[in-house]
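Listed here are the chains, written in short residue letters.
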Amino acid sequence: MRLIVDGRPISYEPGDSLLIALLRADIQPTGGGCLCLGGDCANCLATVDGVSYVRTCQTAAKPGTVVQLHHTQKYPPLPQEDEARPAVPARNLFSDVVIIGAGEAGRTAAREAEAAGKSINLLDATYGEEAIGIYPGPLVVVRTPHETLHVHAQDEIIVATGAAEILPIVPGSELAGLLTRRAAEKLAQAGLDLGRVVAIGTPPAAVDCQLAAGELLRFEGENGRLHTVITQTEAGQENRYACDTAVLNLGLHPRNALLRMGHNLPVRAVGDAALESDIPACPNEGVVCPCEGVSVADLETIWEQGFHEMELVKRATLAGTGTCQGSTCLPYLRSFLLKKGKTLQPSFTARPVTRQLTVGEVSAGTHHHATARTALDAEHRRLGAQMERSGGWWRPWSYGDPDGEYWAVREAVSLMDVSTLGKMIVSGPDALEFLERLYPTKVSTIKDGRSRYVLLLNERGYVFDDGLICKESDTRYSLTFTSGGVSHAEMWLRDWAASWQMDVHILHQTMSLGAINVTGPLTKQLLAKAGLANPPGWLAHTKAEVAGVPCHIFRLSFTGELSFELHHPAEDSVKLWRALLEWGQEFGIRPHGLHTLLRLRLEKGHIIVGQDTDFDSTPRRIHHDWAVKLEKPAFIGRHAVERTNKIPLDKLLVGLEMADGPAPMEGAVIWHDGQFAGHITSSAWSPVLHKAVMLGWLHYFDGHLPETVTIDGRSARRVPVPFYDKEAARARA
Amino acid sequence: MNEFQEKLVNFKWVEPKKTYDVIIIGGGGHGLATAYYLATRHNITNVAVLERNYIGGGNSGRNTTVIRSNYGIPEAVRFYQRSVELYQTLEDETERWIMHAQKGILWMAHGETAVRAEKARAEINTAFGAKTVFVTPKEIKEICPEVDLTGGGVWPIMGGSYHPEAATARHDRVNWALAEGAMKRGVHVHQNTAVTNLIKSGNRVIGVETTAGPMHANVVMSAVGGHVTGLAALAGLRLPIRTHPLQAFVTNHYEQKFHPIVASTSLLTYVSQTARGEMLIGAEIDRQPSYSYRSGHHFLQTCAHRAMTMLPFLRQLRILRQWTGVCDMSPDYSPIMGFTGVDGFVLTTGWGTWGFKAIPAGGEQMAQLIATGETPELIAPFALDRFAQDRTMADRGSAGTH
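Protein sequences, first through last, are from chains A and B.
Just so we're aligned: 332 in numbering that gives the first Met the number 0 is position 333 of the first sequence, and the numbers increase by one with no gaps anywhere.
Just so we're aligned: 323 in numbering that gives the first Met the number 0 is position 324 of the second sequence, and the numbers increase by one with no gaps anywhere.
Please note: incorrect hints may appear among the correct ones.
In silico lysine to aspartate or glutamate, EDC-like type, Cα no more than 16 Å apart, as pairs [claimed, not checked]:
id	chain 1	residue 1	chain 2	residue 2
1	A	73	B	285
2	B	11	A	711
3	A	73	B	208
4	B	256	A	308
5	B	199	B	342
6	B	183	B	254
7	B	118	A	284
8	B	17	B	208
Just so you know, the hints here were simulated from the structure itself, not pulled from any lab data.
If you're wondering where the values come from, they're calculated on a predicted model, not measured in any experiment.
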């Protein structure tokens with residue numbers, strides 16, 4: 000079996016990790032440095048099957064694996080990829096106890112938990128189950144070669160990740176031929192010939208070696224490869240040990256990042272992971288942070304520059320910010336600062352990820368934020384609509400002919416899918432009182448079967464949504480909200496109902512009810528044909544069948560033409576839509592999209608909350624004072640409106656029209672005598688008026704609103720709204 | 000030594016005094032910048048900056064280092080443009096390397112309404128001195144060849160705005176250059192010195208209690224990030240601030256190749272490559288207010304997914320680290336700077352997700368305010384009393400991500 004290293008096939012033995020396979024072929028992945036074979040150091044990194052920074056000691060060799068070594072360039076190149084690929088699968092696992100690490104301590108903890116009747120998940124990095132972080136939940140996220148696991152613990156997480164071996168920091172520690180004790184044992188077990196071995200500290204088991212006497216001083220080598228270990232005795236005498244491999248046992252520091260990450264969560268450590276770290280002697284020279292190339296001399300320099308806090312030393316030298324995230328340098332940084340007279344510094348803040356995974360792997364189990372579709376979505380697409388995300392929904396922007404759609408509304412009859420409209424029922428004994436407190440209008444004066452346009456204010460007196468209140472009875476009201484605002488509005492209603500301890504029932508019906516707006520001067524003829532002989536009068540609503548579909552029919556108008564909104568069970572939407580389109584043929588029916596609607600309503604001067612309003616829109620600023628009844632004793636925002644009404648106005652939402660020429664873009668800046676005077680919020684060419692009409696924020700100058708302004712270098716003037724059909728004769732026809 | 004080790008900055012630490020002309024609470028970017036500009040522009044050096052931990056250890060050292068001025072209201076465009084320009088000369092002025100790099104930011108539009116919004120952004124920016132232009136998908140591909148114009152087939156890119164002056168700088172180095180510049184001129188910076196209370200005389204703040212003893216001053220400024228509402232409460236102020244976590248992550252180091260900053264309001268994510276070659280990816284604030292620095296999995300998972308939607312090559316990159324900072328959000332998504340109504344107590348807060356880019360202008364203006372006793376025209380719109388006066392600075396342009 001062979002794998003491919005920098006384009007060259009090499010053989011390996013079954014069971015080899017990539018690193019062992021490389022070492023069999025006498026290849027040092029990063030050219031040198033002490034190898035740990037425990038996933039801690041950064042000296043065995045390579046690009047594996049296109050993914051860089053893979054620890055080859057933690058990756059099983061497979062036939063045909065393509066390995067590129069990192070040491071040929073400073074940083075690996077960014078991969079070329081310009082289209083999406085299939086997602087990595089994610090799987091959720093649940094148990095009482097999650098144990099990270101299947102060594103002796105982990106297995107003992109597993110036995111204890113099982114004996115106590117607990118279900119367990121035992122994660123074993125040897126089998127490629129690498130825990131990358133502990134998160135609230137508590138949740139352990141685990142990378143495996145095939146999938147990403149989300150491992151949930153009901154009771155607790157036990158960190159049994161063991162301890163890492165402290166790596167040598169002396170001159171020459173970048174040479175090839177250095178191994179930690181455990182690494183030497185693993186390689187010997189795999190049958191690798193380590194040559195002449197010198198051990199510093201406790202020697203490895205089952206490896207023939209010479210014990211070095213004295214304190215490690217430096218390594219010497221040639222062509223990047225170790226040939227001599229030099230130690231110093233207490234008497235100051237240097238000993239030289241010729242060898243091929245040096246094996247180091249310099250102490251342990253616990254792999255406790257997962258434990259520290261899980262502070263205030265039910266997480267505990269067992270075994271070596273619970274140890275206090277050994278603090279090695281502070282070295283006099285050598286590279287402390289191999290990832291970023293930071294030497295002892297660099298630490299001394301930065302200390303002299305006045306960087307004395309652990310975090311500042313780290314940030315100023317970058318020690319600990321590389322791939323191994325401090326696994327090599329942390330014990331030495333602590334010993335360095337200890338030597339400088341600081342107290343023993345705590346470890347760096349533990350942050351995910353403790354083992355690396357790719358952006359693709361971590362995204363496993365998520366999806367594109369869903370954009371809702373109405374029951375008519377397929378109908379729109381079949382009719383060739385360009386779809387647009389709006390207010391959290393896919394909506395038809397146009398069916399390809401915005402002008403035709405426009406004239407269908409103004410002169411014939413048209414449909415629009417308004418299923419996205421927020422729809423709620425408020426019922427119960429306190430329904431009226433609840434709505435009186437919620438809305439600035441006098442809800443008690445709405446008669447049965449009637450509707451009223453209303454604003455929703457927040458406590459600061461700013462408008463955050465609008466819609467209708469439609470009274471069905473004293474204890475039952477049907478409410479509408481904007482498409483994008485209803486989710487927030489639902490929370491708003493429920494929060495206040497709870498705060499005020501109101502006996503009301505709130506039913507959110509947006510998803511269950513479809514809604515089709517039938518609009519245009521020929522609407523009544525069409526509805527009559529569809530079985531509705533007596534449609535409701537202006538601002539009235541009624542329940543009746545249309546085309547055999549039970550509908551709640553609201554008479555109102557956003558387009559400026561005769562309009563009926565048919566709310567109906569969403570499962571009947573297609574039937575109703577198709578029937579109306581078919582029966583409307585003789586009246587010249589065609590559906591219209593958002594693009595057309597935005598123009599129609601602008602001609603009528605109707606605002607769109609969120610487009611024409613801003614966070615600071617009081618009813619007064621948008622000319623909606625009439626919708627606020629300050630004589631009412633209490634409603635949300637009342638005090639704020641009363642207070643701000645006394646402050647002189649600084650700006651107003653106004654109607655504007657261009658003297659001539661096309662419509663300026665929305666967002667265009669309004670100038671007055673060379674000064675900033677506001678901006679346009681809505682703008683369109685009006686086919687019926689033959690001019691460009693706009694809504695925009697206009698600033699006061701010395702208490703006066705300018706009559707004429709400049710937009711796009713052209714003249715525009717302030718005009719009253721609506722622009723079209725001022726008497727509303729068409730809508731009320 | 001790597002090429003990025005700080006080689007020039009030299010700190011000289013001194014013992015605290017009992018009185019100063021000005022005490023600044025918070026040794027982050029804004030506190031240090033205010034001290035720096037007090038010293039360099041107004042020759043006011045009897046100043047102490049008090050930091051409870053280490054300098055730049057809060058959000059000044061946790062942000063994603065984007066500098067830009069493509070905001071949505073004239074007042075903000077002007078203010079941030081001032082900051083963009085001060086950043087451009089900060090290296091020369093301090094003679095320190097802050098790793099300032101002009102990159103340009105691309106702001107993607109994924110629909111008709113988003114196209115309108117980005118056109119409007121370009122319009123208002125241009126009117127008030129920030130260079131922003133609307134760009135077509137073809138132009139986007141030229142600026143950033145790595146981008147997938149189909150948005151993974153789900154979020155097609157229909158255009159965008161391009162703000163070429165957008166830049167990045169190394170956050171730590173900005174903090175250090177300002178700290179050193181102030182200290183060289185006699186300003187005291189005291190680390191590991193936490194303010195535990197304000198000393199008041201009537202309605203006037205006259206000093207602070209600290210873990211290193213009481214200190215008195217004519218002016219006390221709060222440049223605190225995170226726990227600012229608690230500090231302001233000591234002065235008897237109730238601030239309209241909620242503090243939310245904001246998270247980000249970086250990948251390992253890769254060859255320097257990805258030049259621009261890429262952002263999307265619809266996807267609530269933005270991507271750039273650091274000078275060291277890490278791909279840096281950020282998102283919007285966490286919805287739940289909190290002071291917690293704990294990192295979340297949902298953020299990492301979803302943000303990774305959204306970033307790949309625009310930039311598919313990210314898929315294969317290995318993640319190095321994720322982290323969290325906290326953002327002080329005001330109701331109108333604009334900062335709060337200036338006098339507070341409490342004599343002797345001024346503040347700079349509400350820095351939300353835009354604090355780093357405002358460091359030089361915020362510091363310069365607050366220094367002028369302290370030195371002259373008058374609110375400079377550039378920051379007058381951001382006064383605290385705007386909320387009581389119904390003059391909020393509603394800026395949807397800053398309600399994005401960074």
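Do the hints match the structure? See the list:
1. 73/A - 285/B: With a Cα-Cα distance of about 36 Å, the restraint between residue 73/A and residue 285/B is violated, given a limit of 16 Å.
2. 11/B - 711/A: Violated: residue 11/B and residue 711/A sit about 56 Å apart, past 16 Å.
3. 73/A - 208/B: violated (50 Å)
4. 256/B - 308/A: violated (34 Å)
5. 199/B - 342/B: Given pair residue 199/B, residue 342/B holds - Cα atoms ~10 Å apart, limit 16 Å.
6. 183/B - 254/B: Answer violated: residue 183/B to residue 254/B is near 37 Å, above 16 Å.
7. 118/B - 284/A: violated (58 Å)
8. 17/B - 208/B: This hinted pair holds, its Cα atoms lying about 11 Å apart.
Against the hints set out earlier in the document, violations occur for numbers 1, 2, 3, 4, 6, 7.
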